[in-house]
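Trainee: Each chain is listed here by its residues.
Number of protein chains: 2
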Amino acid sequence: MLSIEKIVVEQCNNSKYIRPFRLSYVQDGKSKLWDLMKSHDSVAIIIHHIERRSLLFVRQFRPAVYFNRVYAGGEQEVPPVGTAIDGDPRLGLTVELCAGIVDKEKPLAEIAAEEVQEECGFNVSASDLERVSTFRTGVGTTGSMQTIFYAKVTEAMRLSKGGGNPAEGEYIETVEVPISQLYDFILDESIPKPTGCAFGVSWFLKEKLRPSFVEVMRQNYLQIAVVSSGISLFAMLTAVGICSLRK
Amino acid sequence: MLSIEKIVVEQCNNSKYIRPFRLSYVQDGKSKLWDLMKSHDSVAIIIHHIERRSLLFVRQFRPAVYFNRVYAGGEQEVPPVGTAIDGDPRLGLTVELCAGIVDKEKPLAEIAAEEVQEECGFNVSASDLERVSTFRTGVGTTGSMQTIFYAKVTEAMRLSKGGGNPAEGEYIETVEVPISQLYDFILDESIPKPTGCAFGVSWFLKEKLRPSFVEVMRQNYLQIAVVSSGISLFAMLTAVGICSLRK
Chain A
1 MLSIEKIVVE QCNNSKYIRP FRLSYVQDGK SKLWDLMKSH DSVAIIIHHI
51 ERRSLLFVRQ FRPAVYFNRV YAGGEQEVPP VGTAIDGDPR LGLTVELCAG
101 IVDKEKPLAE IAAEEVQEEC GFNVSASDLE RVSTFRTGVG TTGSMQTIFY
151 AKVTEAMRLS KGGGNPAEGE YIETVEVPIS QLYDFILDES IPKPTGCAFG
201 VSWFLKEKLR PSFVEVMRQN YLQIAVVSSG ISLFAMLTAV GICSLRK
Chain B
1 MLSIEKIVVE QCNNSKYIRP FRLSYVQDGK SKLWDLMKSH DSVAIIIHHI
51 ERRSLLFVRQ FRPAVYFNRV YAGGEQEVPP VGTAIDGDPR LGLTVELCAG
101 IVDKEKPLAE IAAEEVQEEC GFNVSASDLE RVSTFRTGVG TTGSMQTIFY
151 AKVTEAMRLS KGGGNPAEGE YIETVEVPIS QLYDFILDES IPKPTGCAFG
201 VSWFLKEKLR PSFVEVMRQN YLQIAVVSSG ISLFAMLTAV GICSLRK
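Each protein sequence line maps, in turn, to chains A and B.
Residue numbering for the first sequence is 1 to 247, as defined by this note's numbering.
Residue numbering for the second sequence is 1 to 247, as defined by this note's numbering.
Treat the hints with care, as some may be off.
All copies of an identical chain are treated as equivalent in the list; a pair is satisfied when it fits inside any one copy or across any two copies.
What the hints assert, rightly or not - Derived DMTMM-like pairs (lysine to aspartate or glutamate); straight-line CA-CA distance at most 20 Å: (1) K6 <-> E105; (2) K32 <-> E77; (3) K152 <-> D35; (4) K106 <-> D28; (5) K16 <-> D35; (6) K208 <-> D184; (7) K206 <-> D184; (8) K104 <-> D28.
Rather than coming from a laboratory, the hints here were simulated on the basis of the structure.
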C-alpha cells in the first residue's frame, strides 16, 4: 500500500546529494562554462528467476519523477518554498532494475550482490554475477557510471522478502514480469522506467533467450521454405533415382 | 580534431542549469526529505541510414563525464575553486543518440526532427518519425522524460554536415556504426555511452532487422533439422510411392 502525503517544497541549502559546481575550459580557442554536480556511480542487476520464468524489478516512489509529472508551474522555475505539490502519489512510482549506489570501497559485483539481497531478498554470490557492461548516466549533469550485472535466482536462494534497507528509509517492492510479457512491459509508457531498465531487458531477451521456433519460422518463412523445398527436391530426386536403378 | 584545454573548477552560484530544491513528504507515517533539481525533458533519435546500412550517432565532449572519469579527489567533495582537472580530454567524449532538450512549445516529433537536422544534417519530416517510447532519466535527481524516436535517412535528405548549433557553442561530430558492428558497439566499454543509446540500438536490432538466416540456423539447428528431415522423409516416401505406382 502506497501512503504518501503532504508533499511540499522546502529550503535546500548545502544539500548532501546535489552539489553543483562549474567547470571552465577552452574548446577550439573558445572559453566555455559547464555546470555539473557530484554524484555516485551505481550498479544495477537484471534478476532472472529461472524457476518462475520471469525477471524481477523494484518499484519505489521517486520524488523527482513525481514532481516532474505533477508540477506544471514553468519549466525554468524552482517552486517557492511552501508550495504543495498535489497529485496522485502513484505518479511517482517507477519500475527499475534492482540497483544501488557505489558508496563503499568494494568490488562492484559485491555491491551488486548486496543490493539483490537487500532489495529483492535473494542470496546471490558476487562470483555468480555476470557483468553485462558499463554506461554513463546523466551525461549532461553527473556523468556517473552505471555497471549492469545479470543474476540468476531460484526460490532456494531466498532469504527474505526484500524491501530495501529500513535504516535508510527505503520502501521497495519487488515486481515480477513474466518473460513472455517483458517486451511489452519495456515499451509500456504507463509504467515509468529508466532507459537502463529497458536496455537490461533487451539484453536479456537477446542473450539469454533463443528466439522461439514459431517466431523464427514467421520471420524467415521465405528462406526456410526455399531451403526446405531444396532439401525435399533433393530427397525426391534421390528416391526417384533409387527407384530407377532398381528398375 | 578535439582541442580542449585549461579545465578548471569555478564558482557556481545561481546556476541556470542546476537548480536544486527539496521536497518533504510523509510516507507511511514517516517524514522524509528528498533533494532534487529542475531539468528539461528531452528527445533522442535512432537514425538509420538505409543506403549505408548503418546507424548515426553523435560524439561530443561532456564535461561531467570527463570530470567523473578523471577526478579522483574523493567521492563526496566538490573540488575547491581553481582546481585544475588534468587528463586526456578524449576521456570526456561520449557517443550518444542524436538528442536535444525540450525547451519550446512544439510537438516532440518536431523538436526531434530539428535535432536530426542540426546535429546530423538530414532533413527529416516530423510526420516520418516513428515514436518508440518514453522513459524517465535521472530518476534520483530530475525525473525528466526522454522520448525516443526512429528516423530513416538517405543521402538525398542531406542538407549539411550537421555539427550542432554554433550559436549554442555546440561541437558535435556524427559517428556512423555499420549495422553488423552495432551490438559489439553497445557493449564496448571503451566508448562511454548512455543506457538510452544502448536501448535504442537494441530496439533497432529487434524491430528493424530480421535475424539473419545463418544465425537462425545456428540457434535452431536441431529444430530446423527435425523439420527438414520430416519434409525430406515425406518427399522421399511420396517419390517412392509414385515409383511403386508406376511399376
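Trainee: Confirm or reject each hint.
Mentor: Comparing the hints with the structure gives:
{"no.": "1", "hint": "K6 <-> E105", "verdict": "neither (37 Å within a copy, 31 Å between copies)"}
{"no.": "2", "hint": "K32 <-> E77", "verdict": "neither (24 Å within a copy, 23 Å between copies)"}
{"no.": "3", "hint": "K152 <-> D35", "verdict": "neither (40 Å within a copy, 34 Å between copies)"}
{"no.": "4", "hint": "K106 <-> D28", "verdict": "neither (40 Å within a copy, 33 Å between copies)"}
{"no.": "5", "hint": "K16 <-> D35", "verdict": "both (17 Å within a copy, 8 Å between copies)"}
{"no.": "6", "hint": "K208 <-> D184", "verdict": "both (17 Å within a copy, 16 Å between copies)"}
{"no.": "7", "hint": "K206 <-> D184", "verdict": "both (15 Å within a copy, 13 Å between copies)"}
{"no.": "8", "hint": "K104 <-> D28", "verdict": "neither (38 Å within a copy, 29 Å between copies)"}
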